[in-house]
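S.K.: Protein chains in written order, with my numbering: chain A, 1 to 181; chain B, 1 to 181.
Calculated from the structure, these hints are not laboratory results.
One or more hints might be untrue.
Identical copies go unnamed one by one, so any copy, or any two together, can satisfy a pair.
Unchecked claim - Here are the simulated lysine to any residue pairs, SDA-like style, with alpha carbons at most 20 Å apart:
hint	residue 1	residue 2
1	K3	V134
2	K63	K147
3	K129	L50
4	K29	G98
Number of protein chains: 2
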Amino acid sequence: MLKDYPLNKVFMLIEPGPVLLVTTASGRKKNIMTISWSMPTDFSPNIALLTGSWNHSFEALMKTRECVLAVPAADLMKTTVGIGMCSGTDTDKFQKFGLTAGKAQKVRAPLILECLANIECRVEDYVEKHGIVVLNAVKAWIDDERKERRMFHAVGDGRFIVDGRTVNLRKMMEAKLPSGV
Amino acid sequence: MLKDYPLNKVFMLIEPGPVLLVTTASGRKKNIMTISWSMPTDFSPNIALLTGSWNHSFEALMKTRECVLAVPAADLMKTTVGIGMCSGTDTDKFQKFGLTAGKAQKVRAPLILECLANIECRVEDYVEKHGIVVLNAVKAWIDDERKERRMFHAVGDGRFIVDGRTVNLRKMMEAKLPSGV
């Protein structure tokens, strides 16, 4: 069950550096791509990611100026890699991987209901020189009931690192934390 | 003991999304800042990170057009957070945190010898509109003998996630891996 997730905390889903799924919808065709190069760029919240014409979703992203960033948990690791290994040109990835497309509130790109979190985004800018797409998050959702909540990180050579233990240094950092987190 | 680390694998140090230390040298003054918003932008290898005038190091970075990205391991977590909590305006951070500045080969910014890896970089571009600095890595080093090799990731609210177990899906991904990794 997805619940509202506050926009001022969206950067906390991206800052740890998890692998992300990005959905787009162009006309009646929806697609998903796997992205492992991303970062927050401010608390507004804006998020930068790296993509380009080598990804089939890129055209839809540029045309519709909308997408959803879905955050998969560790139990979706093989699904996430599989999504990255085939192309939306000839594959309905929702069908192929048994994923459920949910209706987003502010964009036409679909949510992925199996994911830990979903972030509805509009394209704010495209820095063509570097292939950097800057997104603005307009609505976010979290699955509060999901058991597996660990994200995972790509190394780049086929290995993936699952989140390990969490260390809380909040007291040390209190003076520099953005308000409300 | 630091050894050469191949440039074509540098993106693998950044892609997982670890917290980074960034050193600069301006004249005789060296400094360190903590950065947790970064991503690779290509395999050349270029790396984007988020910073701005709120960081004392930013001026030196823009002036010298050089820095070193040092990758701390989990045993340096408190040191890394401490570095982020004070300013180079009034603190010699190498001295305060007992870190050793090593001589880099291609830039004047220092290596941090206690770190797992060090990446010597030149500033390739500054996308002022988004505060994104694009770096080009020109030389990299790894400490092959260091025992603690787990990186750590910032959540953004004072919590940090240490690398957990590694899953190898190389066989699944073989067709899409860049050559040589």
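S.K.: Please go over all the hints and tell whether each is borne out by the structure.
M.R.: Checked hints:
| no. | hint | result |
| --- | --- | --- |
| 1 | K3 to V134 | neither (25 Å within a copy, 36 Å between copies) |
| 2 | K63 to K147 | neither (36 Å within a copy, 49 Å between copies) |
| 3 | K129 to L50 | both (11 Å within a copy, 17 Å between copies) |
| 4 | K29 to G98 | within (16 Å within a copy, 57 Å between copies) |
When each numbered hint is compared with the structure, violations occur for hints 1 and 2.
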